[in-house]
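With chain G's structure known, arrange chain R on it following the hints.
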Amino acid sequence: MTKFIEAQADTWEIGGKTLNSRLLIGSALYPSPANMEEAIKISGAQIVTVSLRRQAAGDTTSKGGNQFWDIIKSIGIEVLPNTAGSHSAKEAITTAQMAREVFGTNWVKLEVIGDQYNLQPDPFETVKAAEILIKEGFEVFPYTTDDLVVAKRLADVGCKIIMPWGSMIGSGKGLMNPDNLLAIRKQFPELKLIIDAGIGKPSHATQAMELGYDGVLLNSAIALAQDPVKMADAFRVSVEAGRLGYEAGVMKEREFASPSTPTVGTPFWHQFKD
Amino acid sequence: MIEVIVNGKRTKISSGLNIKEAITALEYKGEGFALALNGTFVAISTYETTIVRENDSIEILAPVQGG
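Just so you know, the sequences run in chain order G and R. FYI, in the working numbering the residues of the first sequence are 36 to 309. FYI, in the working numbering the residues of the second sequence are 833 to 899.
Hints listed in this document are in silico derivations from the structure and should not be mistaken for laboratory results. Where a beta carbon is used, it is the ideal one built from N, C-alpha and C, also for glycine. Any given hint could be a false lead.
Claimed, not checked - Some chain G residues close to chain R (C-beta under 8 Å, calculated; not the full set):
#1 G61
#2 A63
#3 Q81
#4 S86
#5 L87
#6 R89
#7 Q90
#8 A92
#9 N101
#10 A119
#11 T129
#12 M133
#13 Y152
#14 L183
#15 V184
The following block holds chain G by itself, in its conformation from the complex (with noise of 0.2 Å):
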């Protein structure tokens, strides 16, 4: 059976690179840098996200970095760095700039908070700064909400991959509106779509591939679970059995039941009656 499943793998293009897993994985909030260094291997996501903040003055540690960079490094994975904390398309654009200087990637996960309280995406500022960037050679992956309408004007100005969130950031509360996200999907099945926030059980993940998203990311469900790496573990197979489920072809609901069970032959049929 695993060799059959091997077999049934795929594998899929995003920003220019092909890959095998469809599972993105965060570097944050884990107990440890330990931890997070195993929980990234075993999820078997080949894209990690990462960040910048404001580096202390002497740091002299590794070349200017630091443990967790040195890790990142070692593992061997694609960087995808974030804007997060920006509140205006100008702080994204800027931090874009420069994490493509440090991370050498044009990759950036594309955050532009709108709303403190539940860190909803700014659409505005987002497409204004999903243009800007695009014009500047980046490959924009956007965070956004489930609104038809603002992915569809991200993909007027180029976005090849968008990025709606299921429910909010680290809420664990699954997809809100799957049937928004399935818009989406049968609205852009061109474009790479990815599942961006809100996931908090490896179910969620399964649901979101199985509606045919190209892949999910997620950092909060496996660095909060009481055992990341076990919990990395099973998103690595909740993803796989929610694309292979998406790829089997999953059958359509019935308003009724109907047997499973071959009625034909039957025995006992009618024939003893009270």
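Just chain R now, kept in the frame of chain G:
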């Protein structure tokens, strides 16, 4: 001396320094960071031609964990 803001904190450096000299004066060493001046990215290639002025705001960022 001039006063500048480095990662949100006011500090003093010699006047007339370019970015490369200012970074050294501020004891930032190595290459694993990027810099913005007054909210605008400054590429390494332009450090030596960019002069730091009074009340400039310098942001120096390095890799951290992210989601």
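These are the hints, each one checked on the structure:
1. Look at G61(G): its Cβ gets to within about 4 Å of chain R, closer than 8 Å, so that hint holds up.
2. Among the interface hints, the one on A63(G) holds; its C-beta lies about 4 Å from the nearest C-beta in chain R, closer than the 8 Å criterion.
3. Proximity of Q81(G) to chain R is violated relative to the hint, the smallest CB-CB distance being about 17 Å (cut-off 8 Å).
4. Annotation: S86(G) was flagged as interfacial toward chain R, and the flag holds, the nearest CB pair being 3 Å apart, inside 8 Å.
5. Below 8 Å, beta-carbon pairs count as interface contacts, and L87(G) has one with chain R at about 4 Å; its hint therefore holds.
6. Against a cut-off of 8 Å between C-beta atoms, the interface hint on R89(G) holds, since the closest Cβ of chain R lies about 4 Å away.
7. Using the Cβ-Cβ criterion of 8 Å, the hint placing Q90(G) at the interface with chain R is satisfied: the shortest such distance is roughly 4 Å.
8. Against a cut-off of 8 Å between C-beta atoms, the interface hint on A92(G) holds, since the closest Cβ of chain R lies about 5 Å away.
9. A distance limit of 8 Å between C-beta atoms decides the matter here; for N101(G) the minimum to chain R is near 7 Å, and the interface restraint holds.
10. Annotation: interface hint on A119(G) holds; nearest CB of chain R at approximately 6 Å, less than 8 Å.
11. A cut of 8 Å between beta carbons decides the hint on T129(G): the least distance to chain R is about 5 Å, and the hint holds.
12. A hinted interface residue such as M133(G) counts as satisfied when its beta carbon comes closer than 8 Å to some beta carbon of chain R; here the least separation is about 4 Å, so the hint holds.
13. A cut of 8 Å between beta carbons decides the hint on Y152(G): the least distance to chain R is about 18 Å, and the hint is violated.
14. A distance limit of 8 Å between C-beta atoms decides the matter here; for L183(G) the minimum to chain R is near 25 Å, and the interface restraint is violated.
15. Interface hint status for V184(G): violated, as the beta-carbon distance to the closest one in chain R is roughly 26 Å, over 8 Å.
Hint violations for this structure: numbers 3, 13, 14 and 15, all remaining hints satisfied.
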